[in-house]
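We have chain A already, so just place chain B with the ligand on it with the hints.
As they're listed, the protein sequences go chains A and B.
Counting in this note's numbering, the first sequence tops out at residue 436, every number present.
Counting in this note's numbering, the second sequence tops out at residue 1191, every number present.
These are calculated hints, taken from the structure and not from any lab test.
Please note that a few of the clues may not be correct.
[What the hints assert, rightly or not] Label-pair ranges, simulated between beta-carbon atoms:
#: 1; chain 1: B; residue 1: 1062; chain 2: A; residue 2: 15; range: 49 to 59 Å
#: 2; chain 1: A; residue 1: 242; chain 2: B; residue 2: 1032; range: 54 to 64 Å
#: 3; chain 1: B; residue 1: 1159; chain 2: A; residue 2: 242; range: 57 to 67 Å
Predicted model only: the values in this text are computed from it and were never measured.
Cβ coordinates follow ideal geometry from the N, Cα and C atoms, glycine included.
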Amino acid sequence: MRPVYLVSGGVSKFAKARPDVTFQPMVKEAYDYALKDVGISQKRFTEIADGSVASYFSDHFQRQLMSGIMVQDYLGLCPKPSHRVEGGGATGGLCLQEAWKAVASGYMDVCVAYGFETMSHVQTWKGNEFIALASDVSFDYPVGGFYSGYYAMMVTRHMKEYGTTVEQMAAVSVKNHMNAYHNPYAQKRDRLTIADVRNSPMVAWPLTRRDICVMSDGAAACIVASEDGLRKLEKAARTTFKPLVKITGIGRGTDAMRMADRPHLQVPLFPWEEPYQDLKYPGVHSFRAGRTASIQAYRHAGITNPLEQIDFVELHDAYTSSEIQTYEDMGLCRYGEGGPFAASGAAFLPNVDYGLDFPGEVGKCPVNPSGGLIACGHPVGATGLMQAVFALWQLQGTVKKHFGDGKLQVKGAKRGAIHSHAGTGTYVTVSILQRA
Amino acid sequence: MAKTKAQAKVKAVKPALVVDDAKQEESLEGTVLYNVPFPKDLKQLKGMAPIIIKHPYHIDYVHSYGQDSPFFAGLANKKLLATRCPKCGYTYATPKLHCMWDGAECNWVELPETGTIHCFTVCHFGSEEFLKETPFILALIEFEGANTRFLTRLIGFDPNQASLDWIGMKVKPKFKRLSKFKPTDVYFVPA
Ligand SMILES: [Zn+2]
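Here chain A stands alone, though its shape is the one from the complex (with noise of 0.2 Å):
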């Protein structure tokens, strides 16, 4: 495989509906920053891309299909190859990886991966109505399909098993919505205490409104090359990119669509972790696809200890809970000690002030420094493509560039690791971006 560089990167401001535009030219937003950031027109970019990968994940959002060509050819990238990836919330994370893929084999030395969900066609209950289809429609959805009630059925099982508490996952909530206030691309950007959090109305026992994601309008794009890739870009922009982020770690991991048929059985173990006594693994508290995933993009980056060598995490927060478990699966702490992580501060941003006393070192490794899906917005298709940009920026140094605020910069970032995650763990992509 040949090494492979994330080399820029576009998101369009996540709203919760975009009616000033159809899904084209809101992705155009994202790619036209993409390309203006690296000082590349579109004419002369076009000669030089190869192909493309689309990220989208529901037809029934928008009642139209094949939306992912009517964007290739808005950009202007007709009749090079392109094809569309879908894998619920972690479609982004796959696009990314599908696009990494092309690089890495060969296949193509500029390849944009561009993702986008327009939500707001429909009323939220109507949508959750959509997105519970991603259950089995036969025995799930049925029975009173929402995903709410599915995440929420999962952290009843994970404070039953290791005693995960209800304020644990409401410093979560804490942290990503402070964290979105310096972020201008965020949809909920607030000031909440654990009070706001829990007070606020009760969606899916235990879960709140403010412990789940929101539906978005939203697009983002990024490119990705190979070394040739890169020295046509160079040349075309008249210039060296500098400082260059590389995509050093792939992994990813399935789980069965039914939550009930999760087995138990043993934890797959990193290889510097100690085994579990007594411990039902994933049952419906743990996500083994989440976990597959980390083993494999940790393996492929020589990544041996995950709090020490990854300086920052953009991960799936679609629920608080869901950031608590997956802090367990991509081994940050060890399964059953995610809630007193949580509340650590050990995820929490140094120099930004949330109100909260921590009994642990601050910041040791930054979770979800832009906000997470839970204050940016969750506009599915486009998800793991914007971990990914933000991701990115950390890596240059350039947050205060893009956001017009450095607050969120994690100082001297080297290492990064994004996280994507589908359906009740379903689907779930892990890949780790270095500063080259």
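Just chain B with the ligand now, with coordinates in the frame of chain A:
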């Protein structure tokens, strides 16, 4: 479908009348519009507000339960069926015709008459189809002798008294007298 019950709670720290994100629920009822104002000067068109229309989409699907059909026939006859692998004995409390460990074709068996709550939630909101049924309780039920679990509704628990203590409690199935051939033909109540 509009949800009429109050969706916002009073925050303790603010005056009693201030609610978190108070709003009237949106509905899709509306009038049909046959024309809109149009400027003489085409340059003004870029400042025009977007035209937003209603686009209904109704479908009746013909959905076959296929190999899982005996399960639904079982519910109509007050029997809760599982499948068991003849090779390894793995038992699927939510039926699967083929074993995920060895690919063998499973046989139909009856589940025990009681189970325990593995995990649960109380849905205070839901998808549009189920919104009118809120608050309702979802739970996964585990059974002695079965390796996987079963998703169901719990009845007979107070949705406003949700507690982790419910996990591990004994429950038993109840069947609807008039079957609808849905997994909700069975629900669970305290045993
Ligand atoms: Zn078997």
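**Asked** So does residue 1062/B sit 49 to 59 Å from residue 15/A, Cβ to Cβ?
**Response** Violated, since residue 1062/B and residue 15/A (Cβ atoms, about 38 Å apart) do not stay within the stated range.
**Asked** Regarding residue 242/A and residue 1032/B, is the given constraint of 54 to 64 Å on their beta-carbon distance met?
**Response** For residue 1032/B against residue 242/A, whose Cβ atoms are near 58 Å apart, the range 54 to 64 Å holds.
**Request:** State, for the Cβ atoms of residue 1159/B and residue 242/A, whether the hinted interval 57 to 67 Å holds or is violated.
**Result:** holds, 58 Å
Comparing the model with each earlier hint shows a violation of hint 1 alone; every other hint is respected.
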